[in-house]
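Enquirer: Sequence:
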Amino acid sequence: MAVLSDTHGNLTAYEAVLADVDTRGIRRIFHLGDVAGKGPRGSACCDLTRARCETTVLGNWEVFLLSEDATALSTSSRWWRDELSPGNREWLSNLPFSVDFELANTPIRCYHASADDVFHRIWPSVQGREWDELFQNTPSTGDAAPEPQVVIYGDIHHAWSRTMGNRTLINCGAVGNPMDKPTASYLVLDDDAGQLRWEIIRVPYDIEAELAVARELDMPGYRAWEHELRTAEYAR
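Be aware that the sequence shown starts at 0, since it is given in numbering that gives the first Met the number 0, and climbs by one per residue.
Because the hints were derived from the structure by calculation, they are not lab data.
For every residue, glycine included, the Cβ atom is placed at its ideal position computed from N, Cα and C.
The reader is advised that the hints may include incorrect statements.
[As the list claims (entries may be wrong)] Per label pair, the in silico range of CB-to-CB distance:
1) Ser73 - Gly164: 40 to 48 Å
2) Trp159 - Asp217: 29 to 37 Å
3) Asp190 - His119: 29 to 37 Å
4) Arg120 - Ile199: 15 to 23 Å
5) Arg196 - Ala50: 42 to 50 Å
Work out the full structure: start from the sequences and follow the hints.
Expert: Next up, the structure:
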């Protein structure tokens, strides 16, 4: 199965990743949120997610863009919000916080950012009590039993993994707005003779074509988007 996250309205990158998924014969796809926002075609990315992904969980951009206080949004954020179709806004507003499942006899949990909140950012330096809490049930995740041995998340746009004892934390990186390398990334999970295996897959895509769409649509915030796609560094 494939786990991906943070498409951020970048339809060019998303289509490239899904084409790679298809070449591998993968049928199950989970999306870990931030489907829209930042890029020019959030509603199209929602349409594609609804068609292709078995499960999609809530991201911080879903909460942000669908806030009832729309007047507090910046010009760019209002543009991204207004670009979403009414049906896609309703769909995004009803996404679950997390999903639990089992593969290779291993309990696995997926969420966008952390076990308690979509705005609680978890960096690769996580350790100690904060590490332990990522694998625990919370009011947001519900009371799955047993608690997960593997947790997969997105949010920070940086693919990485670490195993400590019998628990593993994996970040699947970002499809549409990667901040480690300027190539889309996603995660492949496999049950190999009862053994759980995983691999981060990197997929190049046509960045210039995606930027051309943003220019054609006169998307606000274009300069920051251009910088981030080309350099994989946050625009400040």
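Enquirer: If any of the earlier hints don't hold here, list their numbers in rising order.
Expert: Those not satisfied come down to hint 5.
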